[in-house]
Amino acid sequence: MPAHKQTDFLDNAYRISTTDDARQFYDDWAQTYDDEISANGYITPVRCAHALAAHAGDPSAPILDIGCGTGISGLALRDVGFSLIDGSDLSQAMLDKAASKGIYRELWQADLQSPFPFSAGTYQHLAAIGVIATGHMPAETIARLADLLSTGGLLVFSLNDHTLEDPRFEATLNQLVDQGIVAIKHEDYGEHLPGIGLKSKVFVVIRI
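Numbering (my numbering), first residue to last: 6 to 213.
If you are wondering where the hints come from, they were derived from the structure by calculation, not from laboratory data. All C-beta atoms in this analysis are idealised placements derived from N, C-alpha and C, irrespective of residue type, glycine included. Any given hint could be a false lead.
Claimed, not checked - Ranges of calculated distance between the beta carbons of each label pair, as one might list FRET restraints:
#	residue 1	residue 2	range
1	Thr37	Gly157	16 to 26 Å
2	Gln180	Gly126	18 to 28 Å
3	Ile201	Asp171	13 to 23 Å
4	Asp193	Gly157	16 to 26 Å
5	Asp39	Lys204	17 to 27 Å
6	Pro64	Thr156	13 to 23 Å
Work the whole structure out from these sequences, hints included.
Quick look at the structure:
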């Protein structure tokens with residue numbers, strides 16, 4: 006695949022350090038996000054969707070697409086058979102774009118640094134695709150999401166190369182495994198944004 010020019014938005018996405026900065030950044034990027042991210046071959050949502058579908062029993066079970074953005078991840082989930090998808094995102098402008106795709110049952114604006122606006126077990130499965138990342142969501146987010154699953158529930162998430170350089174993220178996951186809270190059902194390292202030479206790991210974990 007030929008290399009694509011890295012846009013100012015794409016370049017600066019990995020330099021965000023505060024929630025307010027992230028909200029404004031993604032509000033500003035919403036109108037051109039799909040074109041720019043697709044031009045660089047964004048493949049992690051497809052990888053995550055297929056990994057989750059391989060381990061989920063009932064595709065009609067409710068799933069929450071956390072940090073759904075413009076709905077690219079929701080499209081990938083729908084394409085592998087998931088039919089009851091809700092979404093949340095920090096950016097209202099991103100949510101407006103997601104709503105226009107007709108994928109989601111419900112959408113709401115949410116700051117993942119704050120308490121989640123639903124109780125544990127509300128969703129059978131959770132997806133955090135391209136969300137848990139240095140400068141966006143801390144490593145502790147993995148544990149917080151695991152706490153929202155009932156026994157047998159699945160969480161799919163990705164960690165890009167920038168995030169994998171910080172050992173705290175995989176250490177947090179390994180600690181959850183060692184404590185018997187989750188088990189890893191799928192782990193795969195592959196393409197993320199090939200247009201800029203970035204890769205990611207995709208994980209599926211099950212709540213024990």
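Do the hints match the structure? See the list:
1. As the Cβ distance of Thr37 to Gly157 is approximately 40 Å, the hint placing it in 16 to 26 Å is violated.
2. At about 22 Å, the CB distance of Gln180 to Gly126 agrees with the hint of 18 to 28 Å.
3. Checked against the given bound of 13 to 23 Å, the beta carbons of Ile201 and Asp171, roughly 19 Å apart, stay inside it.
4. Checked against the hint of 16 to 26 Å, the pair Asp193 and Gly157 passes, with Cβ atoms roughly 22 Å apart.
5. Here the CB-CB span from Asp39 to Lys204 is close to 21 Å, well matched to the stated 17 to 27 Å.
6. Judged by the Cβ atoms, the range 13 to 23 Å given for Pro64 and Thr156 holds: they are separated by roughly 19 Å.
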